[in-house]
Each structure stands twice: as structure tokens, then as C-alpha cells.
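From just these sequences and the hints, can you work out the full model?
So the protein lines, in turn, are chains A and B.
Quick note: the first sequence, position 34, residue 34 per this note's numbering, numbers continuous.
Quick note: the second sequence, position 451, residue 451 per this note's numbering, numbers continuous.
Below 25 Å or equal to it, Euclidean Cα-Cα: the simulated SDA-like pairs (lysine to any residue) are:
1. K314/B - L266/B
2. K376/B - L424/B
3. K172/A - R97/B
4. K172/A - E74/B
5. K172/A - Q52/B
6. K314/B - R403/B
7. K260/B - V217/B
8. K172/A - I55/B
Negatives, chain A to chain B, calculated, CB over 10 Å:
9. G58
10. D119
11. G126
12. V140
Please keep in mind that the hints were generated in silico from the structure rather than gathered at the bench.
Idealized CB from N, CA, C, for every residue including glycine.
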Amino acid sequence: MSVLTRLSALAFAVVAVVSAAAAAKAPGSSLEFAVKASYLTKFGPFIHWPPGAIPDDGPARICVVGADPFGAMIDIAARGQQIDGHPLSVARMDAVDAKSAASCQIMFVGKPMAQSTADTLHAAAGLPVLTVTDRSRGVVGGIIEFVISDGRVRFDIDQAGADADGLQISAKLLALAVEVRR
Amino acid sequence: MPLTRLSLARGIVARPGAAIVLALALLAASVVLAFHNEQVSRQEDVQQLIVQSRILGGSVAAALAFDDRATAQEYVDALRANPEIDAAGVYALDGHRFAGFSTADAPLPAINRITKPREDASEIEITAPVVQNGTVLGSVYLRAPIEPWTRRLSRYVGIGIIVVMAAMLIAGLGSSYAAASEANRRIKAEMEARQAAEDALRQSRKMEAMGQLTGGVAHDFNNLLMAASSGLELLDRTNDPKRRERLRQGIREALDRGAKLTQQLLTFARRSPVNPEAIYLGKRIATLRDLLDRSLREDITVAIDFPSDLWPVKVDVAQFEVAVLNIAVNARDAMPNGGIIAITARNVPASDGEPDRVELSVRDEGTGMPPELIEKVFEPFFTTKGVGHGTGLGLSQVYGFARGTGGTVRIDSIEGEGTVVSLLLPRSLEAPPRAAELSENPCIAEDRTCLVLLAEDDAQVADIVVQMLVELGYEVRHVDDAEAALELIDNGLPADVLLSDMVMPGEMGGLDLARAARRRRPELPVLLMTGYSATASAAAEEDIPLLTKPFGIEALGSELSRLIDMKE
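Spelled out as C-alpha cells, the structure:
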């Protein structure tokens with residue numbers, strides 16, 4: 001009961017943010033990133049990772065590589081969320097190599113700081129890591145790319161890329177994408 | 001057991017009250033069934049709605065997670081096509097409405113809470129969480145109207161009418177079945193009563209027939225007793241030899257008739273000792289003519305015409321003669337004004353599976369008889385003559401005789417023109433023995449006296465037989481029983497023939513005596529006499545010669561001489 005109460009309290013907080021974002025015709029940048037942070041924490045249930053991709057005893061990790069546009073918003077959004085029973089945790093990194101990339105399940109690639117976007121994506125290539133970039137802010141190449149459509153935050157999906165990395169994306173999520181690259 | 005169950009069911013239906021109870025039970029059962037169906041159907045509706053809510057929840061999961069109201073609304077709107085759902089909603093995790101519709105007057109709730117399915121008289125409400133991979137994303141709400149009870153009831157009206165009609169039908173059938181089985185019972189009782197009446201009638205007819213028979217036989221016997229006794233009385237009173245001869249003749253005829261009567265009765269009872277022998281019918285013409293002339297009236301002419309090449313037949317001669325006599329007597333009675341009785345014979349060669357046969361026909365010029373009568377004349381006790389004029393056994397004896405010899409009897413009759421009765425007797429393959437010289441005592445020819453040992457318990461019969469034997473020139477030694485006869489044989493009595501009655505008092509009968517005598521003196525000829533005996537056929541089987549009582553002196557003489565000749 002306490003878990004449910006906490007969950008719903010948290011959910012209320014997140015949805016309040018989302019609703020606020022949806023209410024605005026042209027989302028302000030903080031609202032826009034609040035929505036994106038919320039989305040990042042919600043992709044998990046619609047993705048199927050290969051066995052062993054998530055450590056049995058550890059949390060599932062969302063890594064924010066490069067510039068972090070979310071700040072505390074993503075920590076709030078991730079609180080109480082889970083992937084396949086693993087609690088979500090958020091990690092921030094300036095740069096990644098293949099090894100550190102493998103410790104992430106979802107990797108948001110922000111504007112480049114210590115490492116180029118291409119290098120970051122390259123480090124994660126071939127690993128079961130759901131890479132997310134923000135096309136609306138000029139960063140491209142992730143399996144999922146945020147776009148703004150009709151003034152709302154939507155996304156494109158690169159299904160071929162997901163396949164190459166051994167990830168299966170739920171048809172429900174694909175149905176919601178603005179564009180799916182196969 | 002199914003029969004028992006069936007009859008039980010019949011028994012229940014047979015009572016009209018039970019049929020009505022059965023019909024009411026049927027009604028009650030259908031009401032209970034309808035109520036139960038309604039419950040089940042309601043549960044099914046709820047179950048179906050739960051499934052719908054899960055489908056909706058699954059479909060809108062992503063739209064809910066990623067804030068896509070348009071898509072969520074599209075999914076919800078798909079349910080508008082379902083007339084069984086009048087409101088559907090998708091709610092975010094905080095319980096606020098995200099998408100939905102309501103076609104009914106009642107709007108969607110603004111906030112949704114997960115509860116158990118709720119039912120009331122008019123609607124069902126279902127809530128379900130939206131879960132993706134263990135993560136709760138929101139909830140859905142579905143509302144389905146429940147058909148008003150009037151509408152539901154109207155759905156059962158058709159079936160209800162059928163059930164009521166079936167119940168009425170059962171009640172109706174039950175009462176009509178009860179009526180039918182009651183009628184059936186009455187008919188059965190009536191049939192039984194009729195059967196009993198018929199049995200009684202049959203019994204009384206049998207008694208009537210018995211009365212007729214005994215009456216007829218008694219009358220015939222009375223007549224011949226009258227003739228014999230008065231003949232004897234008259235015999236004592238006259239010394240005129242001519243008159244005495246006529247009286248003796250009359251007495252003899254009366255006795256012959258008595259003998260024939262008993263013979264007929266025995267034949268009818270199928271107990272007459274049968275002594276078939278192969279004969280040529282032609283050789284019997286003289287005897288037959290003699291017999292018929294004595295039995296028929298003077299205005300009847302008998303014409304006998306047998307061809308000389310007739311095949312032999314194997315019959316009991318006495319029975320054959322009685323049969324011909326019976327037919328002739330009927331012919332006589334059919335010609336009250338006199339006429340000709342033509343007796344002819346011919347060979348009938350084998351055909352149609354029948355063997356070679358000899359046909360003997362007796363034709364009269366009498367009144368004839370209608371066809372329906374022909375069918376009946378062979379029945380015992382059937383007679384067209386009045387009481388005291390016929391026993392109804394005559395043609396029955398003819399029939400019994402013909403069947404007994406393996407032959408048959410046929411009647412052709414034309415009313416007003418006459419009747420032909422034909423005896424068809426199978427041809428005998430045995431050749432008849434050559435006629436022996438009649439009754440000469442062979443011992444006399446050899447100039448000696450032969451001794452006959454006679455065993456006979458009946459003093460009167462013994463007396464007569466002794467006189468016959470003496471007349472034939474034999475010496476006689478008479479004893480009363482078998483034991484005495486055997487003792488004499490053991491003591492070396494030089495008997496030439498043993499003549500014995502078959503039924504005698506004491507432990508030994510005639511047959512036993514014959515066997516015992518044969519063991520002691522195998523060459524000693526034995527001749528048995530019997531009037532009526534079940535052991536007669538046993539004697540025939542053991543090849544012991546048999547004389548049937550009553551017999552005449554000629555028959556006795558010829559049989560004795562035959563036996564003595566054979567011995568030598």
C-alpha cells in the first residue's frame with residue numbers, strides 16, 4: 001500500500017509537469033525538458049533488453065552523456081520508476097568508452113562536451129543500450145530521436161539500429177513514433 | 001429395467017393429477033433455468049467487459065505514457081462501435097481523465113479509481129489499471145448498460161409460451177392416456193370373459209359329442225343284445241332245425257356287429273392291434289361280397305370289379321374290411337330308395353412324389369353332399385344321421401385306417417348325383433404268401449392226435465376255445481395261468497402247440513409265458529390271443545403269431561395248422 005501511495009504521489013508529480021507542458025501551446029524550454037526527462041524514464045517498459053543486459057542485482061541506469069539539459073527534473077522523474085523490476089538510477093558522464101557505455105541501459109546523448117556525438121554513439125554501438133538524441137536541439141544519430149511535432153514533444157525511432165544492438169521495441173511505442181526507420 | 005422405468009412413467013402419466021403436477025414441475029424448472037441463465041449471462045457480460053478493459057488498457061499504454069491524447073482517443077473511439085458499451089475512459093496515473101466518450105446521458109466520471117466491478121439494475125462499471133511490463137501507467141473505465149428487465153423478460157416470452165404449451169400438452173396427453181388405458185383394461189377384461197365363455201361352450205360341445213357317441217353306441221349294442229338274447233330264447237323254444245338255423249344266423253350277425261363296433265371304437269382310439277399283411281385285394285372279393293350282402297339292404301346291388309393285375313397292398317385285413325363296410329354303409333344310407341354300389345380298383349403309378357398306389361373306389365348313386373360337408377365327414381363324432389343311427393365314427397375309422405397304412409382317402413361328391421369315396425393304399429413290395437389250404441388239422445392226416453396246451457383265465461372264453469379245438473380234432477389241456485402252463489411244460493407235457501391269452505392274472509403275462517416256453521422248448525410253436533392289449537405290438541416285434549379276439553374257428557384252425565406245418 002505504501003509503495004502504491006508513493007508511486008501515485010510520484011506519478012502525480014510527473015504527470016502534473018507533463019500536463020503543464022501539454023497545456024502550453026509553445027512549450028517553454030524548462031517544460032520541454034521536463035517532458036523529455038519524463039519520456040526518458042518511460043521508454044523502459046516498451047523496450048525488451050536481451051538477457052543479461054541488465055545486471056541481476058543492480059539498478060537499471062539512465063546515463064546522461066555530455067551536456068545535461070534536465071538537471072534535477074530527471075532525478076525526480078526516475079524516482080520510483082523501474083525496468084523489468086529493476087529500480088531506475090540516473091548517472092551523468094562527460095564521455096564514455098565501450099566499457100562504461102555497457103553499464104547503461106538508456107543513454108541520452110546531450111550536446112557534446114568532452115567527446116563528440118559520433119564518438120559517444122560509436123562507443124555504444126553494438127551494445128544493448130537504447131541511445132536517445134535530441135534532433136530538435138541538433139543532436140542526431142540515436143535509436144530514438146526527440147522531435148517537436150505540432151508544438152508537442154514526439155520522437156522518431158530507428159528500428160534497424162535497435163535491431164543491430166539487439167533491442168526489441170514494442171509495437172505500441174512504434175505506433176506512437178512520428179517516423180520509424182526500418 | 002428400462003421396461004420397469006417405462007411402465008413407472010406410464011403409471012405416472014396415467015393419472016391426470018400426476019400429469020398436471022408434472023406440467024407444473026416443468027414450468028417451475030424452466031423458470032429456475034431462465035433465472036440461472038440470466039445470472040450466467042450477467043457474469044459473462046462482466047467477464048467480457050473485463051476483457052475489453054484489458055484490451056483497451058494495453059492499446060492505450062504507450063499513448064498514456066507519452067501523452068498522446070489523440071492516439072488514446074482513437075483507441076477509445078473504436079469502442080463506440082460496440083453497442084454494449086455506452087461509456088469508456090482512459091485516465092492518467094493521477095486519476096484524471098485523459099481520453100474517453102459517453103453515449104449515454106450519464107457523463108464519464110472526471111476522476112477514476114480502481115475498484116471492483118460494480119453492478120446495479122441498469123449498468124455495469126469496470127475499472128482496470130493500465131500496466132506495461134509491470135509499470136502502472138494509468139487506468140481505464142468502461143460502463144455497459146444492462147437491458148431493462150422488461151426487455152429481458154420479453155426475450156423469454158417465446159420460450160415461455162412453448163414451455164406452457166408443452167406443459168398443457170403433457171397434461172392433455174396424460175389425461176387421454178389415462179382414458180385410453182382404462183378403455184384398454186376394460187377390453188382386456190371383456191376378452192378374458194369371452195375366452196372363458198368360449199372354453200365353457202367348447203367343453204359343453206365335447207360333452208354333447210360324448211353323449212351322442214355313448215348314446216349311439218349304447219343304442220347299437222342294445223339292438224344287437226336284443227337280437228342275440230331274444231334269438232337265444234327262441235332257440236330254446238323251437239326244435240325246428242330250419243328255424244333254429246335261422247335263429248343261429250341272426251345271433252351270429254348280431255355278435256358280428258358287436259365285434260365290429262368295438263373294433264371301430266378301438267381303431268378310433270388308435271389302440272387296435274394292427275396286424276398288417278401283404279394281400280391281393282382281388283383275393284378278398286368273395287369275403288367282401290359276403291360281408292356286404294349281409295350288412296346292406298336287399299334293394300342295394302353291389303357290383304365289384306377288380307382287374308386281375310392289381311398290385312399287392314399291405315393292410316390289416318380286418319380293418320380293411322371294416323373300412324370298406326363303413327364306406328358301403330354310408331353309400332347305402334345315401335340311397336334310401338335303393339341303387340347300385342360300384343366297388344372298383346385300379347393301379348395308380350407313381351407321380352408327383354407319390355409312390356405306386358392302389359386305388360379302391362366305392363361309388364353310389366345317392367344324394368351326394370355339399371362341399372362344406374365333405375370337409376367335416378372325417379371328423380370323429382360327425383354324423384348327419386340322427387341319434388341312434390350313427391356314431392359318427394365310420395368315416396373317421398376309414399380315415400384312420402388309410403393314414404395308418406401310409407395311404408389317404410378322397411371324397412368326390414355331386415349333390416343329387418352321388419358320391420365316390422376312394423382309398424389310396426401304397427403298393428406293397430412284399431409278395432403276399434400263397435394261400436394256405438384251409439384249416440385241415442395236419443395231425444389227422446398223419447393219423448395221430450396233437451395236444452394243445454391252452455392258458456386262458458377267462459372261463460367262458462376258455463370253454464369256447466376248448467370246444468373249437470375239440471371240433472378241430474385237437475386234444476386240449478387247459479390251465480388258468482402262465483405259471484401252471486410253465487409247470488406242465490417243465491414236467492414234460494408233450495404239447496404240440498402252446499395257445500395263450502396275452503393278459504392273465506399272476507406275475508406272468510402271455511408274452512412272458514411265450515418267452516419262457518421258447519427258452520425251454522425252442523421248437524414248441526406258440527400262438528397268442530388278445531382282444532385289446534398294449535403289448536400286442538410287442539408280440540409282433542418278437543415275431544410271435546397273434547390271433548385277434550374275437551376270432552372264428554376257421555381262423556384258429558388255419559393258424560394252428562400253419563404253425564404245426566412249419567414245425568415239421
